[in-house]
Amino acid sequence: MSDPAVSPFANERALKRLRRRRAADRRFKWYGRLAIGFALAALTLLLASITTQAMSAATYHVVSFDLDLDKETFGGLKTDDPPPVDKVYGLVRADLLAQFPETARNPVLRHELSALVTRLAVLPVAREIVRNPREIGMTRQVQLPLSDDLDLYLKGANARHLTVPIGRVGAEETNGVLTLTGEGAFKRLIAAASLEGMQIQDARSTGSILMTAGQSTLKLSTLDPSRIKGPLLTGSLQDFRTHPVRARLITSPESERTVTDRQIAWLLALKAEGRVSRVPHWSLLTHTDSTQPELAGTLAAIVGSLLTLLVTASLAIPIGILASIYLEEFAPRNRVTGLIEVNINNLAAVPSIVFGLLGAAVFLGAFGLPRSAPVVGGLVLALLILPVVIIASRAALKAVPQSIRDAALAVGASRMQTVFHHVMPLAAPGMLTGAILGMARALGETAPLLLIGMVAFVAEVPNGPTDEATALPVLIYSWATQAERAWEPMTGAVILILLVFLIAMNGVVVFLRRKFERRW
Amino acid sequence: MSDHIVSAFTEELERLSADILRMGGIVEEMIVDSCRAVLHNDLELAADVIERDPQVDRMEAEVERQIVSLIARRQPMAHDLRSVFAALKVSGELERIGDLSKNIGKRALNLDAAVFPAMRSGVARMAGPVSRQLHQVLNAYASGNAAEAKAVWETDDEIDQHYNALFREMLTYMIEDPRSISDGAHMLFMAKNLERIGDHCTNIAEFVFFQITGENLVQQDRPKL
Amino acid sequence: MDDTLGNGTTMEKGVLPDAPETSVRMSCRNINVFYGEKQAIYDVSLQIADRSVTALIGPSGCGKSTFLRCLNRMNDTIEGCRVEGEIMMEGKDINSPVIDPVLLRSRVGMVFQKPNPFPKSIYENIAYGPRIHGLAQGREDMDEIVEKSLRRAGLWEEVKDRLNLAGTSLSGGQQQRLCIARAIAVRPEVILMDEPCSALDPIATARIEELIDDLRKRYCIIIVTHSMQQAARVSQRTAFFHLGALVEVGDTDQIFTSPRDRRTEDYITGRFG
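Protein chains in written order, with this note's numbering: chain A, 1 to 520; chain B, 1001 to 1225; chain C, 2001 to 2273.
If we strip away everything but chain A, and leave its shape as in the complex, we get (with noise of 0.2 Å):
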């Protein structure tokens, strides 16, 4: 009956077809990878410009004084006192005063010293010692950070530089002018200087180079190759006679930096006395925000953000879940149920700054609760994320077999045991993973926050709902849109930690999934 002629197997057209649709089929998972390959494309150059950025946040350089607390400047401090900032603070000043005297009879010298290190960045320790007056009378030795223009100088961010190793050469001073000769040994520093476009000669707009040796660096302004002249900054001329002599070159001129070349020649000085050291950035943690980057830290907006969190969970996690276990198990399904599900599904889709509003005009206006509240933040971001919890819930609900409630009735159970017995344990990691995802957009959401007042400087870890605080992201925004340099890799690192917050999150609904999904 079967002629092989005609048999599918050997069928010229048959064959033909059957290879269009496996090419189909081939093409068409083609398409999907590639649509993969995009995304993860996408999310990984995401992921790599933020670490990238962030990763210079990740440390700072520090600079160590021994600060001697002595009772006639500290005694007498009770513990509900002010910090002594000030007074802490003269001790740095001086210290490197006397460290670089020079500044001595300056005032800008003085100035442009002192700005290594900024003065609240003394203000954990003054809290330290009025905490612990037990400190008083004792010499303490200190980690300071250094001003943020000098770290990122040092990290290279801020001022392109290279060294270029000169060795031993002869030095003599007149006048505060240094001379150094050797015979032929600025050739390779000349060679280096024209190779990055720069003329000694006009100084001002080609940038710097500086000799630095020991602790003690001259700034260059004529360069032959065999004989180097130019004034001493810092240091002296026994350090040029005893120490080999490096090449700093700093490309970019110094009107054109936020250092200047003394600090920089400073900044050496310290950290040729090993006083200089990177560590990790803990503080960017631990500190709250602060007008100076190298100070500022994300604590308080880290609690703001918890604080928040907590407002919104208690509120839109019960109130989304009886809802939808009311609309889901209870309501009849009629004309009023299904208008009112079809606003909760038209809610999700409104934007979340709709919401700011919301709650600017009714929680701030008519109820007049403080502004930049985290109790404020809580409930306009639970308003914002009940249709989330609600839809997630009630999909969660719709998956429970009805089987189940079936099971459940037929036993005798009422509608209520059957529910609360049987349908919401088989229905509680789904609505659970709702939750949680609603609370993930509610930590990453932005603008109603900043609506209500949330976006205001907060320098004091919130102690309640009702305290001024901000929020991550909200941080994130503030410190994006500050104009100094140090603040990118700070805002970067915030991102980081916002990121590990969700990841965080997802892991828990991974793992509640994982723990309580039952199969039926």
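There may be inaccurate statements among the hints.
What the hints assert, rightly or not - Only some residues are given here: those of chain C computed to face chain B with a beta carbon under 8 Å: (1) Pro2259; (2) Ile2268; (3) Thr2269; (4) Arg2271.
Stated by the list, open to error - Computed from the model, here is a short list of chain B residues facing chain C with C-beta under 7 Å: (5) His1004; (6) Ala1008; (7) Asn1041; (8) Met1077; (9) Ala1078; (10) Asp1080; (11) Leu1217.
Honestly, the hints are just simulated from the structure, not real lab data. Since the model is a prediction, treat every value here as computed from it, not as a measurement. Yeah, the Cβ is synthetic: ideal placement off N, Cα and C, and Gly gets one too.
Chain A is fixed; fit chains B and C onto it per the hints.
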């Protein structure tokens, strides 16, 4: 009755009833031919009837095989169940009728050629109504006519009366002429066989009636003439 | 006529099959069921005998399951479903507002098409019903109820060592017997079974059928089944539904050997359509 959704089921049931009817046809002919052999002292015909019996036995075995297979594979219900049950019983009855006809044939071979022709025609006369009864009940089976089956069932007494009359007639012959006792005894057995065939036809009528109506013909309801 | 087993639509023919010597447990009169505008059951009157198995058969969508769900008011849970008519049990109409469906369902248990044990332990599956109805005083009492129910469902020997295992870990047939045990545990008088074997293999089906035959001594059982052979095997009385109407009801022997209605005949011999 409309066909089954599974058409093979209908075909099997149809084949079963066709086989029963074919078997019935053969058996009916055996009755007539055996009595014809007695009437005309046709020994060849008698031997032929005897030879037909194994064929009937084989057909019965075949019908039984079909029925067992049908029950196992189709699980017949209601009317189907009754037809299968009736076919099983009817084929058994037909086989018995075949045996009895064969017995008449055997006895025909042993008859004295000079036996009274009147005795021979007495048996032959009885064969007519008996074979007609079988014919009628097979018709009822083929057409699914419950009334016809019931009619056969009700007329069994006629056969009995016929038998009683023949019995007395034979006795008379044997008293008149003791030489005819041997043949007469054979003749009496033939008459008895025919009477038994009538009973089997009645049984068949009962099964056919049950197949068609689902009800049993109850013995007490039978008209006593 | 309420205390005898009438024979539905075939009564007028005047041939009553021998009524079982048992009494009537439930008596339904002129039941009509509507889903919204659509009528699913037309004027069904049926008497259900105690301590026997009544099978409801009929083609898909004939309303037999809907009718079954009227008997423990499971139709209440379906939106837009309306039941008219009178279902008498112990002299009370179960549809009257004074009867609480929750109490009714503890008297009229139900077993479903797909085995649906709770995703909890075997013990909890059985204990749940007695617990919410307050049938057990203390732990020992509950243990006894669980054991007795499992024994009656013929499952005790198979599961007695693993009562803490999930009910869903049992095989399909065991799960269905677990569901039967769960129904028994609340001491019902009537057990409704909605195609209890349709998801099971023949061996598991045979076990359930054996169990049904055993349970018949204590309970009134009503079973909906698609398998006519099953109805023939397990039931004493059979009711044939077609297009929402009760076509014929009678002793199972009679229905399967000589049904009175042509539609019944056509259905059970496989001639429908």
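Self-check item: Earlier hints that do not hold, by number
Solution: 6, 7, 11
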